[in-house]
Every structure is written in structure tokens, then in C-alpha cells.
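Participant: Spelled out, the chains give:
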Amino acid sequence: MTIDITAKIGSIKLRTPVIAASGVWPYSPEFWSGERLEGLGALCTKAISLAPRRGNRGIRLWETPSGVLNSIGLQNVGAKKFVEDYSALVKNCPVPVIANIVMESEADTQETLRVLEDVEGLAAAELNISCPNVDGDGMSWGLSCDSTAKATAAARKAWRAPLWVKMTPQAADPAAVARAAEAEGADAIVCANTWLGMAIDMCSGRPAFGRAVAGLSGPAVFPLALRVVWQVAGAVGIPVVGCGGVTTASDCAGMMLAGASAVEVGSAFFGDIGAGRAICGGLPEFIGRYGKERLTEIVGLARIER
Amino acid sequence: MTIDITAKIGSIKLRTPVIAASGVWPYSPEFWSGERLEGLGALCTKAISLAPRRGNRGIRLWETPSGVLNSIGLQNVGAKKFVEDYSALVKNCPVPVIANIVMESEADTQETLRVLEDVEGLAAAELNISCPNVDGDGMSWGLSCDSTAKATAAARKAWRAPLWVKMTPQAADPAAVARAAEAEGADAIVCANTWLGMAIDMCSGRPAFGRAVAGLSGPAVFPLALRVVWQVAGAVGIPVVGCGGVTTASDCAGMMLAGASAVEVGSAFFGDIGAGRAICGGLPEFIGRYGKERLTEIVGLARIER
Amino acid sequence: MAECGCAPHAVDDYILPVTENIKLADRIFWMTFAAPELARRAKAGNGVMVYASQGSDPMLGRPFAVADAESGKISICYMIIGRGTELLSKVQPGASLRVRGLIGAAYPDSAKELLLAAGGVGVGAVMLKKKERAKSASLYVGMPGRGCEALADKILSIHPDAKIYTDDGSFGEGNSMFNVLPRPLGEGRQLWCCGPPGFLDAMRLYYERTPRQLYYIIDKRMACGFGGCMGCVVETANGPKRVCVDGAMFRADEVDLHDD
Amino acid sequence: MAECGCAPHAVDDYILPVTENIKLADRIFWMTFAAPELARRAKAGNGVMVYASQGSDPMLGRPFAVADAESGKISICYMIIGRGTELLSKVQPGASLRVRGLIGAAYPDSAKELLLAAGGVGVGAVMLKKKERAKSASLYVGMPGRGCEALADKILSIHPDAKIYTDDGSFGEGNSMFNVLPRPLGEGRQLWCCGPPGFLDAMRLYYERTPRQLYYIIDKRMACGFGGCMGCVVETANGPKRVCVDGAMFRADEVDLHDD
Ligand SMILES: Cc1cc2nc3c(=O)[nH]c(=O)nc-3n(C[C@H](O)[C@H](O)[C@H](O)COP(=O)(O)OP(=O)(O)OC[C@H]3O[C@@H](n4cnc5c(N)ncnc54)[C@H](O)[C@@H]3O)c2cc1C
Ligand SMILES: Cc1cc2nc3c(=O)[nH]c(=O)nc-3n(C[C@H](O)[C@H](O)[C@H](O)COP(=O)(O)OP(=O)(O)OC[C@H]3O[C@@H](n4cnc5c(N)ncnc54)[C@H](O)[C@@H]3O)c2cc1C
Ligand SMILES: Cc1cc2nc3c(=O)[nH]c(=O)nc-3n(C[C@H](O)[C@H](O)[C@H](O)COP(=O)(O)O)c2cc1C
Ligand SMILES: Cc1cc2nc3c(=O)[nH]c(=O)nc-3n(C[C@H](O)[C@H](O)[C@H](O)COP(=O)(O)O)c2cc1C
Ligand code: FES
Ligand code: FES
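Quick mapping for you: the protein sequence lines, in order, are chains Y, F, A and G.
Heads up: the first sequence at position 61 corresponds to 61 in the numbering used here, and the numbers run straight through without jumps.
Heads up: the second sequence at position 195 corresponds to 195 in the numbering used here, and the numbers run straight through without jumps.
Heads up: the third sequence at position 226 corresponds to 226 in the numbering used here, and the numbers run straight through without jumps.
Heads up: the fourth sequence at position 248 corresponds to 248 in the numbering used here, and the numbers run straight through without jumps.
Isolated chain Y, as found in the complex:
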């Protein structure tokens, strides 16, 4: 019996449920074709803002037990240069590409989306209302239902293709925030971005990061992200994408049992450049274990009393 591991996020079909999360995949041709993409169903771009951003100064990474704090600060070349420099990469990419969009002001975000409108191969926009590493925009949009609704509505007006909203786990009530995004036309919810953490540099006795706080990712946050997926998948009708600490086939299958239609994988690539392939290799066993033949049949299965 062959087991089908293709996934579906609304109208988007993926050859596997493993999506490279925003901020870990380089824009180098070697990574956008061939063997490097084995096991991956889609790629998220690094965050894209209207104007270029240099990102944060000073220390940007800090390792923690089973995790890593980052404070990159949305370094990117800006929407126009993205189109110039990377349109060809996106167009030729054998898997769908998702544009991760910084939620700035409503007007700027709409402008970014319009700039990207004609890039061939962009399957969806992922609205990043959840970056903890910048002031003013980013995460502050995703903390409340009201601002999430506003952000989603603004993006929706400027973007016809599928719109995903990437939540922050710092939202007080993740289910309510997800419903707010759904109500304003989001096509999928990504749960979630990084967890607000902090480190102190014990040499200087001062916060390691210039902004003091930073975003935690990696295996450490998996049980927390799984809980958010569980809460959100029970609250919305649109697909949910699990994200946070997914490292193994078991993690991926676990997220899907909890209700996710696919997963995004970030930090796992820090330990295994072939994490996508490794995860997919292990999926059939889990699907078979529950008597199913298709990955899509295990979505939400843990929610059903058996």
C-alpha cells in the first residue's frame, strides 16, 4: 500500500506537508531547485517590507536549551528589489512559494502586496502580524482581535490570491484572534510565530539583545505551539498551518492530528539541512498506524474520541 503524503491548504496543493518557514531559507539558486527541496511542499520567503530594512544591530542569535532566540529584525531588500532580484527564482521554483509580508501601516502593506501582485509563482501571501523583533509594527498587530481584523482586512483588499495570517503566540486568546482573521477573509491561519523570550549576556550582565526581548523557536516551543494549534483548529473553519519546533516526523504528524493541514519548519534546518526529507520519510508509518492511507485523513484525528 502506498501512502499519499500530499497536503492541501484550501486551494493550494502541496506535494508534502512540510513548508520551509519564513526566515531560514536562503535566496540562493542551489536552495531553490533540485535536491535541496526534497521533502519540501512549499517555501516561505524571508519577510518582505515595502522599503528595505537593515535589520537589528548587535547580537542576533542566542542559543537556549533546545531553542534559539533570534532578533534579526526583518532584514530584507524591500518589495521592489525583491521583485527585481528574486522573481526568476520564484518563477522557476518547483514548489509553491509563499511571500511573507511584514504588516506595516495599512497603506504600506497594501502597497507591498501590489508590488508583488505580478510575481509569477507566488502561491499565497503570509501576513506577518507576529514578528517580535521590531517596534511599532509586526507583533503589535497580532495581539488583539481588533488589530488583527484591521490588518487582515487591509491585506485582503490588496491581494486576490490566498491570504494566510501568521499569528503571534503572545495573543491573549489565540482562538479569538484566529476567528477575527477568518472573519476578515483570511484563507488560512499559521500558528505560530516565535515566542517572546529574553537572554542576558552573563559577561556584560546586560540583555544580550539590543531590544532586550527576542523570539524563541526550536524544539523547546513545540509543546506550546501544538497547544495553540489545538486551540485554533477547534475555533476556525479555515485550514491551520502548525509552526513551532517541528523537527521530526512525529512532530509533524502530531501537529496534523491536532488539526493542522500542514506544518512550517524553521529551526530544524539548523540541525539538519535535509529536515524536510527526514520528516517526510517518517510520515507513512504514522499514517498507517492509524489505519489511514492519506495524510489528509489524519488531519484533526486526535480531536475525535475513539
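Everything labelled a hint here was simulated from the structure, so no lab data went into it.
Glycine included, every Cβ here is placed at the ideal spot set by N, Cα and C.
Hints may contain errors.
[To be verified] With a straight-line cut-off of 20 Å between C-alpha atoms, the simulated DMTMM-like cross-links for lysine to aspartate or glutamate are:
#1 F:Lys292 / Y:Asp201
#2 Y:Lys292 / F:Asp201
#3 G:Lys241 / Y:Glu30
[What the hints assert, rightly or not] Sample of chain Y residues at the chain G side, in silico, Cβ under 7 Å:
#4 Thr2
#5 Val24
#6 Pro29
#7 Leu61
#8 Glu63
#9 Pro65
#10 Val68
#11 Ile72
#12 Phe270
#13 Ile273
#14 Tyr290
[Unchecked claim] Label-pair restraints from in silico Cβ distances:
#15 A:Ser170 / F:Ser33: 49 to 59 Å
#16 G:Ile22 / A:Phe178: 53 to 63 Å
#17 G:Ser71 / F:Gly288: 13 to 23 Å
#18 G:Arg27 / F:Arg160: 47 to 57 Å
#19 Y:Arg289 / F:Arg57: 38 to 48 Å
#20 A:Gly94 / G:Glu113: 43 to 53 Å
Model the placement of chains F, A and G with the ligands on the given structure of chain Y, informed by the hints.
Facilitator: Relative to chain Y, chains F, A and G with the ligands alone:
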């Protein structure tokens, strides 16, 4: 130069800043005297409720990367039997003992506190408005400022000795919740209890825990708890006790640099029964590194631009 | 942590050199530690928690019964179940591991005669008792068969009168101990058993009439091993009990095995 | 992950047997891996990330320069700094470690003559260049002195004409390379240096007049090592650059060393 590692939480003096967190220290005489207490400044009891509680059925522990999920469910013998069985232990304990009190209804909680009033050696009550493993009471009290204020006020009325409030990191605005507790007369804030997580048992394909969610502790949560300490210590005037993942002297000193007056240590004992001694052994080096001679002088030092 | 360990405590932490880590059957290993103090203190019923990493992933100790304690060494017999035991199986002799012990209460033993029955690696939990009792205890061990020769040899090298049963009948005294275990047990006799859930269930059925003479040695996930975390609690007729300090042995008619 | 590694990629993941892990001085070690493919591919400028645990604590690879590549083996020269390197120092030959490589761009090299100057373990970052250049590069290495004899011997065994300087003057050519490094450097010559921040600062001062001929080989915390995470970025006159794929060598007048 000898370095002084005594700590102070309001009027309570501790020989070291390391407090055994609630729920990990057994009520056995061997652990309440002598060598087992080396390095410890105080002990928190397991949660105490008015009536006995049997705790949760089924799986109660689940290991995660650098962490452990627990769903014990406040198993305890109840306040009256606590007094009967353990008063002698508490009285003879060479370090101060903190009674961890389940926040139930206001009347029940006040009754619990009254039952404990005359136990000799109880230095403080720690109001647990943050247990994620029971329905109705526990964590639900600690999520909002209003209910935190109500809970604190009720306990304050029934308890003359120092009152600590143990926060949940699930509170949307930890600083505001801490201020609400302070306003109602809390003498210290403990940041924080466990983080709401979840696990799926991949054999059954169902949630591992009967209540689906459970509380995450251990090194995995350290960067998150440190951030909460940082936020809360900047918001209140009363002492803050750091709690979450503290395992090494560096963790302990880091929490204190961020503004904590002491730390509670739980899961670290799972890996090292002498964690208290190990942590204290490493503290002098950190204190000396910042040119200080007393542990109390490094409290909040990371908050000061130098 | 004590390098040598001189504290008189029931439970303490040690860093112990691994002197042997050999494969006895598919996924089954025998690991020996140089541990003079633990070897002296270990009684039947005791176990140790072995930490499979230097860091915190995985962070909890894995509990195992002390299968043998002899000349300053203790041994465990373990099966690869998941990540922790997988890592343990790769440890080279010469390396040192963190070990917590002793956990578990020495078995309360009032029987005139003992039958010790084990399924697979469950044998580790009854071997020390066999040693303490010598002739007044008999040891029955079931295992799959082909591929388990080294496991059987190891058991027989320590307990030459152990009776081995193999599912495939490839060696030993037959293919099931259930054909030979005396029933009824009779006055003054007890049967203690340790093994996978199916094995314990089979015992319960087999001795349905005399559950007061049947004892289970059971497994529960553990975090502390010293009675503090309440993670390893089982429901019993005498209230909730902690496997790590009140167990790991419980009378069949008093414990709820299917609490999970 | 490739056991042997046959992919033609710049960066790939390997599981490599450790063939040697010897102490050369206080806190300084030399570790060699059997790595036929990496040994063939490694150029001066390349490094590897070595993972110090099987699990995720610690989870990130530790970056080190490839100090030597010879007969199917690669070596790193590393110093114990924190937890990761502490764990590495305890690895026994025979064990296998996860390794990511190759990171770092091969050094762009247009100089007629090269001076390679290293402080302590920084020597690892320039030794392969010395090998590639042989006589047209000279290697200067500073180290504390007493206790570092084995380190000096290791360097001299590979590069017999290396010049060693010791702070305590206990052996080598003197107690500071700054007394002998030619200044000004002169047309067609470059000096590449690698070492602790104080060492690079001293070089900057020493060659204040000719910063265009001075190159730093620098360290930055890394997560991915393949140019994706933007964690290792340094500010340069040509915009932000990633140490892991655009570096690790930067011209002194173009890079901001004190970005942190
Ligand atoms: C008192 C006691 C004595 C034991 N004696 C032996 C023995 O002598 N030989 C032997 O092979 N095994 C024994 N076990 C079971 C052994 O501890 C588990 O097989 C082992 O912990 C599995 O670890 P893992 O990392 O490979 O599995 P994983 O599934 O990866 O472990 C994940 C977590 O679950 C826990 N866990 C999983 N299965 C069990 C289980 N059955 N019991 C307790 N915890 C579990 C682990 O401790 C760990 O925290 C004993 C268990 C207990 C409680
Ligand atoms: C391109 C490059 C080449 C290097 N080559 C060598 C070499 O040949 N020999 C050698 O001894 N060292 C070298 N280093 C430095 C070496 O990587 C660090 O000393 C090592 O990572 C420290 O790890 P730790 O776990 O012991 O320290 P910890 O302080 O416990 O590490 C904590 C975290 O900080 C990072 N970190 C700490 N210090 C540094 C640093 N100086 N540079 C980068 N990351 C750091 C670690 O990667 C880790 O994520 C190099 C670094 C880079 C970036
Ligand atoms: C170095 C780094 C950079 C990131 N950059 C972005 C980003 O630009 N936009 C975004 O939405 N998320 C970003 N993230 C968050 C990841 O996409 C992902 O949501 C998070 O890391 C949790 O998943 P993980 O645990 O699998 O890494 C970044 C994460 C890391 C570690
Ligand atoms: C097994 C277990 C039981 C716990 N029981 C309680 C409890 O009864 N009351 C309470 O306030 N906190 C309880 N906690 C939370 C701890 O006191 C502590 O706040 C938390 O574990 C975080 O600290 P740590 O990471 O050092 O363990 C428990 C934690 C664990 C792991
Ligand atoms: S394992 Fe903690 S009480 Fe038994
Ligand atoms: S380490 Fe990730 S970009 Fe260099």
C-alpha cells in the same frame, strides 16, 4: 573576599536565593533537614487546597525537548490533614517554608489560610492563581487583572503573614496582572508557574493527557520566564521571585540581574538532586564578575545602562 | 554530584563509569556500572534512573531495575523503547553516565516460597530477589526465542536454575511458562511478576482465584524518582501510591493497572 | 544525512567518525575526522559546524575553521569556551559526530605575497592557506607560552617554517610578532589575521596606515551556516554581509568589527 549570597524577599531573609518550587519536594523527613537542604534558602510546599484532592488520572508526565509537561492536578491531602501530618516537619525545618495555596472559591481559600494560620514555621503563603491542570479554579484566576485583584484581596483578608502571588505566564499582560496583585496587598510576585502546552501520544493518536493541555516546565521555558521577570520587575515595587527553567548558577544570576530577588527551582531537581548546592556554588563568581560583594547588589543590575 | 558517593541517602546522584554495554538480543542490552556504594546498598526492589544525555534533551532519567549487584558493580537489563534507550545502547564502555539511585522500596517479602515470573527485560526486576532467596525462589523467564540466546545465557550464568521459555520453542523448557506455573499457588506461596502489560494481564487471568498471592512489579513514567513530583502515582486500595518510593511492587487485587 | 557524503553541494550534513581528539594546551584541542569528501573539497577559508550533542541541547552547530585537510581527513583546532566545546573535548575517538560543511567562502586571494598572523586557536583559520601558498606565505602565531609546547609542535609538524611567539618568551622566536611584522607592508603584500578581538585591534593599530592590505578573519554566532537565517551578518562598506557564506574574511577598512 567572601561573597554574601543571602537573599531577601521583603521581610523574609533567606540564606540563599534558591527556593524549592511547589510540587517537587517530597514530604519526607530526610528532605526536610540536613544535607538535602544544602544550598536551599526556602521550601515551597505542594499545593494545599481546603479539601483533599486526588489529582488527575492517567498519564501525569510527558517529556519534551529540555522540558517536561505535567498534569498532576493538585493532588494533596487537604489543609486539615496537612496541619496534622506535616506541622512537625514545617516547624523543625531549618529554612523558611512557604505554603502554596490553591486559589479555589474566595471563601474556601480564606478557610484554607485560616486552617494554616497557626502552623509554626510557615513564613509566607504563595497564592497559586496559575495552575493549568484543573478546571474552574487555579489558572483561570490569574488570567485577568480583575480576577487577580479579587483573588489577592480575598487571601489578603485571611492571612497576616507575607503573601506571595504566583502568576501564570498565560496572562495576556503580565505586568498589569502583577500590578493588580500589588495593589491588593501582595508582598511579592512569583513569575511564573508552568506554560500551557500539550502532547499527543503517537501510539494512540490522541492527546496524552486526559485534559489535553498540561503545564510545561524545565530549561526549555527559561528564556520565556526570564522575559516575564523582566517585564514584571519593571512594573511593580514589591519583590519578584523568578521561576521557570532555572537550572544553573548562570540562570539564577540571570534572573536576578533581570530584577528577581530570588528564584524558585523545580524541574532542575529531576536532573540533579543537589541542584540547590550546585547553583549556590556558582553564584559568587557571577557576583564578583560585576564588581559586587553581595548577591542583593546584583538584583536588577541588567536594567541599568552602564 | 558524588563521584564515588558516600552519602547514606536512599536516593542520590552519581556519575558512574560504564564498564560493559552488551547486546543480548534484538533491542535488549545489559549495562554494567562501577558503583561500589550502590552495589553494597542495592536490595531486590531497587532501581536506578539513568540519564541518556549530558544536556537537557532528553532531560529525565530513565528508570531501570537493578538486575544484578556484585563486586562493586551494578547492572541493568534494558530494552530499546525510544530515544533515551536508543542513546544508551550507543554508549561505549569507558564513558561515564549520570545515575540516580536507589529508587524503589526493597520488596516487602513475607512469603515462605516465591515464584518469580518475568516477560523479556522484566527479568531485571526479579533477578536480585532470586539471588537473595536462592533455593526458596524459582525464576521463570519468557522470551521470543531465536536471537535471545545471549539473554538466556546471561540469566543462566547468574541463576543456573532459572527456567527459560521461548515463544518459538527454539530453546528452553518449552514455549510457555503458563503450562507449568502451579495453580492454585497454595498456602505461603506468592508469585511476583514483571513484564509487558499483556504479560501481567495474562497472570491476572491465570491467578484469578488467588489475587492476594499475586504481585505486580510495575512501570510508570517518572520525573523525580524521590517521591516529590507525584508523577508516578498509581491508584490502589490504600489510596494513591508513588511507584518510585512506595512501589514498584503492588498486590494484584489492590492496584489499578489500567488507570491510564 | 549523508554517511559518506557524495553530494556536490557547498554545504551538506555528515556523520563523521572522530579519529583523534588530543589536548595541545590548556583548553586547546585538535580534533580530526575521517571525511574523504570534505577533505577533497576543503579550501582555505572553509569551516565546518560541529554538533556537540545527539539531541537538541545544545542544538546549534559550533563553527570552526578547517585547520588541515589531508589524506581523507579534516582537522579543527579548538578552544574550550563554553558548553559546546566542553562537550567536544570529552569525545572519544571512535565516536561519530554530526558535522555541517563546508561553510565560509574560499578566501579571495590576489596578493603576491601573504603574511598570515594568528593569535591562539585563530591559527586554524590560516593554516590551510599556508599550505596552499607554501613559500609565498609566512605564518606568524602567537600563544601564551609554557604549556603550549604541543600546540607549537603540531603547527610546526605541518608548517616547519611557521614562526611562533610566546607571551612569556619560554620558546619560539621571541615574545611578540609585533616586533618583527614588516611595516609598511609594501606593494603586493597582504596581511590576514585571525584571533581574539584584542589581537585584531592590535593589528588594526599596527597597520593603521595601510588598512586596505589588512584582512580580518572573523567570528559571528551562527545558526544555519548556509546563508538563510541572517544571524551572522556584519556591517560592511558594501552592505550587510553574512560571515557564513560571504566571509569569514573581510578587509579591515570595509568591515565594522564593533557592531555588537
Ligand atoms: C520502576 C521502573 C523500572 C523499570 N525497569 C526497567 C528495566 O529493568 N528494563 C527496561 O528495559 N525497562 C525498564 N523500565 C521501563 C523503562 O524505564 C522505559 O522503557 C524507558 O524509560 C523508555 O525510555 P526511552 O527514552 O527509550 O523511551 P521514550 O518513549 O522515548 O521515553 C519518553 C518518556 O516516557 C517515559 N517512558 C516511556 N515508556 C515508559 C515506561 N514503560 N515506563 C516508564 N516510563 C516510560 C520515559 O521515562 C521518558 O520520560 C522500568 C520503568 C520503571 C518505571
Ligand atoms: C567562522 C568561524 C570560525 C571559527 N573557528 C574557530 C576555530 O577554528 N577554533 C575555535 O576554537 N573557535 C572557532 N570559532 C569560535 C567557536 O565557534 C566558538 O568558540 C564556539 O562556538 C563556542 O561554543 P561553546 O558552546 O563552547 O560556547 P558557548 O558560549 O556556550 O556558546 C553559546 C553560543 O554562542 C555561540 N558563540 C559563542 N562564542 C562564539 C564565538 N566567538 N563565535 C561564534 N559563536 C560563538 C555558539 O555558537 C553558541 O551558539 C569560530 C567561529 C566562527 C564563526
Ligand atoms: C532566524 C529566524 C528568522 C525568522 N524570520 C522570520 C520572518 O522574517 N518572518 C516570519 O514570519 N517569521 C520569521 N521567523 C519565524 C519562523 O518562520 C517560525 O515561525 C519560527 O521560527 C517557529 O518555527 P521553528 O521552531 O520551526 O523555527 C524567523 C525565525 C528564525 C529562527
Ligand atoms: C510535577 C510538578 C508539580 C507541580 N506542582 C505545583 C503545585 O502544586 N503548585 C504550584 O504552584 N506549582 C506547581 N508546579 C510548578 C512549579 O512550582 C514551577 O512553577 C514550574 O515547574 C516552573 O519551574 P521549573 O521550570 O523550575 O520547574 C509543579 C511543577 C511540576 C513539574
Ligand atoms: S517520580 Fe516523582 S514521585 Fe515518583
Ligand atoms: S549562520 Fe545563518 S546566515 Fe549565516
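Participant: Going through the numbered hints above, which ones does this structure break? Give me the numbers in ascending order.
Facilitator: Those not satisfied are hints 4, 6, 14, 17, 19.
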